[in-house]
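Turn these sequences into a full structure, and let the hints guide you.
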Amino acid sequence: MKSFQDIFAECEARPGRTVAVAGAGDPVILQALAEGVELGVISGGILYVTEPSRLSSARDSRLSSALDSALDSTSASAWKRSFKVISTESDREACAEAVRAVAEGSCDMLMKGHVQTKDFMKAVLSKEAGLAGGRILSQTGIYEIPGLDRLLLVADVGIVISPGLEEKVQIVEGALEVASALKIERPRVALLSCVETINPSIPGSVDAAVITMMNKRGQIKGVPSLVDGPLALDNALSKEAAAHKGITSDVAGAADVLICPDLNSGNIFAKSIIYLTGARAAGVVTGARCPIVLTSRADSKQTKLNSMAVAALL
Numbered sequence: 078m079k080s081f082q083d084i085f086a087e088c089e090a091r092p093g094r095t096v097a098v099a100g101a102g103d104p105v106i107l108q109a110l111a112e113g114v115e116l117g118v119i120s121g122g123i124l125y126v127t128e129p130s131r132l133s134s135a136r137d138s139r140l141s142s143a144l145d146s147a148l149d150s151t152s153a154s155a156w157k158r159s160f161k162v163i164s165t166e167s168d169r170e171a172c173a174e175a176v177r178a179v180a181e182g183s184c185d186m187l188m189k190g191h192v193q194t195k196d197f198m199k200a201v202l203s204k205e206a207g208l209a210g211g212r213i214l215s216q217t218g219i220y221e222i223p224g225l226d227r228l229l230l231v232a233d234v235g236i237v238i239s240p241g242l243e244e245k246v247q248i249v250e251g252a253l254e255v256a257s258a259l260k261i262e263r264p265r266v267a268l269l270s271c272v273e274t275i276n277p278s279i280p281g282s283v284d285a286a287v288i289t290m291m292n293k294r295g296q297i298k299g300v301p302s303l304v305d306g307p308l309a310l311d312n313a314l315s316k317e318a319a320a321h322k323g324i325t326s327d328v329a330g331a332a333d334v335l336i337c338p339d340l341n342s343g344n345i346f347a348k349s350i351i352y353l354t355g356a357r358a359a360g361v362v363t364g365a366r367c368p369i370v371l372t373s374r375a376d377s378k379q380t381k382l383n384s385m386a387v388a389a390l391l
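The opening residue of the sequence shown carries number 78 in the numbering used here; numbering runs sequentially from there.
Calculated directly from the structure, the hints in this document are not laboratory data. Watch out, some of these pointers could steer you wrong.
[Claimed, not checked] In silico SDA-like cross-links for lysine to any residue, where the CA-CA straight-line distance does not exceed 20 Å:
hint : residue 1 : residue 2
1    : Lys199    : Arg177
2    : Lys79     : Ile222
3    : Lys260    : Phe81
4    : Lys195    : Arg169
5    : Lys293    : Lys322
6    : Lys79     : Leu391
7    : Lys79     : Lys293
8    : Lys79     : Arg357
9    : Lys260    : Pro104
10   : Lys260    : Ala375
11   : Lys348    : Leu242
12   : Lys378    : Thr354
13   : Lys378    : Gln193
14   : Lys322    : Asp311
15   : Lys79     : Ser257
16   : Lys161    : Lys195
17   : Lys79     : Arg91
18   : Lys348    : Ala375
19   : Lys378    : Phe81
20   : Lys293    : Asp339
21   : Lys79     : Ala356
22   : Lys195    : Gly224
23   : Lys298    : Leu391
24   : Lys316    : Lys378
25   : Lys348    : Ser80
26   : Lys79     : Lys260
27   : Lys79     : Asp226
28   : Lys260    : Asp226
29   : Lys260    : Ile297
Being a predicted model, the structure only gives us computed values, none of them experimental.
Next up, the structure:
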């Protein structure tokens, strides 16, 4: 798949999945969910709402009023047919109940709504929840950038603050899981550093070299891939830059996946892509027993919808 249009077409060809949303009482989220149903990305789900104004006996009518103002009549009708709304007394309860719905099989995937990330992640990581998947959680961003002939995946953009070697290996494996879902054949993975040479003073460059060798020895789990690093950003994306620096690599200038050395660089780079290039974006979390949509409360309706579409393919 080379665009979000391809992703939505693939979703339409599959049965829609169900989603549990923690903190769904937000017009942007409601719009994204309703459009997701219309496009066949999801078939419905359970919405956990924590706004005090919606905890009274008049909750349903007030929620309907919110929908009518946020959506057109067709979208509102589709929403009401597809979703069950459950009131909670706090954001923490909303998060815990949404996680429980997925863990018990009532929904296929989990989505963070208008709640604090710390409350959401605490619920996901709870041992009682049973969502642990045997790998660290990491967030892969998916970007459709004007002028680029393919989707670009970037990890980790939202969770692991300062990953060591073992964590970076799992971040690579999480990104490969997303690449596989998007049918990217033999994905090219660039392990980023500020330099393309191994420098013991720059730990990220050493980790990149080790992971490159691990992949050659078959130690990286997931779909067959080409992994190379350390690579600086310019020679990971530009064949001209790679040639100018004398870098010979199957990945240089053609990377499908960029692995950043830490959360600071990954998050800043991801937001730079969106705000400086006008890219269409999505973000999904891997490593749990279910796909997780973890978008910022400031993200647009389209980004939330894109993220649901990618998660639906995992």
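Results of checking the hints against the structure:
Distance hint between Lys199 and Arg177 is fulfilled; the C-alpha atoms sit about 13 Å from each other, no more than 20 Å. Taking the CA atoms of Lys79 and Ile222, the gap is near 10 Å; set against the 20 Å cutoff, the hint holds. With a C-alpha separation of about 13 Å, the suggested pair Lys260 and Phe81 falls inside the 20 Å cut-off, and the hint holds. Pair hint Lys195 plus Arg169 holds up; C-alpha atoms about 9 Å apart against a cutoff of 20 Å.
This hinted pair does not check out: Lys293 and Lys322 have alpha carbons roughly 23 Å apart, beyond 20 Å. Of the pairs offered as hints, the one joining Lys79 and Leu391 holds, with about 16 Å between alpha carbons and a cut-off of 20 Å not exceeded. Taken as a hint, the Lys79 and Lys293 pair is broken in the structure, with Cα atoms around 26 Å apart against an allowance of 20 Å. Restraint check: the Cα-Cα separation between Lys79 and Arg357 comes to about 12 Å, which is no more than 20 Å; the hinted pair holds.
At roughly 33 Å between alpha-carbon atoms, Lys260 and Pro104 are farther apart than 20 Å, so this suggested pair is violated. For the hint linking Lys260 to Ala375, the alpha-carbon distance of about 29 Å lies beyond 20 Å, and the restraint is violated. At most 20 Å may separate the alpha-carbon atoms for a hinted pair to count; Lys348 and Leu242 exceed this at roughly 25 Å. Taking the CA atoms of Lys378 and Thr354, the gap is near 18 Å; set against the 20 Å cutoff, the hint holds.
Between Lys378 and Gln193, the direct Cα distance comes to roughly 18 Å. Compliance with the 20 Å bound is thereby established for this hinted pair. Between Lys322 and Asp311 the CA atoms are separated by roughly 10 Å; this keeps the pair inside 20 Å, and the hint holds. Between Lys79 and Ser257 the CA atoms are separated by roughly 13 Å; this keeps the pair inside 20 Å, and the hint holds. About 25 Å separates the Cα atoms of Lys161 and Lys195, which puts this hinted pair outside 20 Å; it is violated.
Proposed proximity of Lys79 and Arg91 is supported: the alpha carbons are some 18 Å apart, at most 20 Å. Of the supplied pair hints, the one linking Lys348 and Ala375 holds, its CA atoms being roughly 12 Å apart against a limit of 20 Å. A hinted pair counts as satisfied when its Cα atoms are at most 20 Å apart, and Lys378 with Phe81 qualifies at roughly 14 Å. Our distance criterion of 20 Å between C-alpha atoms is broken by Lys293 and Asp339, whose separation comes to about 23 Å.
For the proposed pair Lys79 and Ala356, the alpha carbon gap of about 13 Å is at most 20 Å, so the pair holds. Distance hint between Lys195 and Gly224 is unfulfilled; the C-alpha atoms sit about 36 Å from each other, more than 20 Å. A threshold of 20 Å between alpha carbons decides the hint, and for Lys298 with Leu391 the separation of about 16 Å falls inside it, so the pair holds. Of the pairs offered as hints, the one joining Lys316 and Lys378 is violated, with about 35 Å between alpha carbons and a cut-off of 20 Å exceeded.
Taking the CA atoms of Lys348 and Ser80, the gap is about 19 Å. The hint holds against a cut of 20 Å. Restraint check for Lys79 and Lys260: satisfied, since their Cα atoms lie roughly 9 Å apart, inside the 20 Å limit. Restraint check: the Cα-Cα separation between Lys79 and Asp226 comes to about 7 Å, which is no more than 20 Å; the hinted pair holds. The straight-line distance between the Cα atoms of Lys260 and Asp226 is roughly 15 Å, inside the 20 Å bound, and the hint therefore holds.
Simply put, Lys260 and Ile297 have alpha-carbon atoms about 18 Å apart, close enough for the 20 Å limit, and the pair holds.
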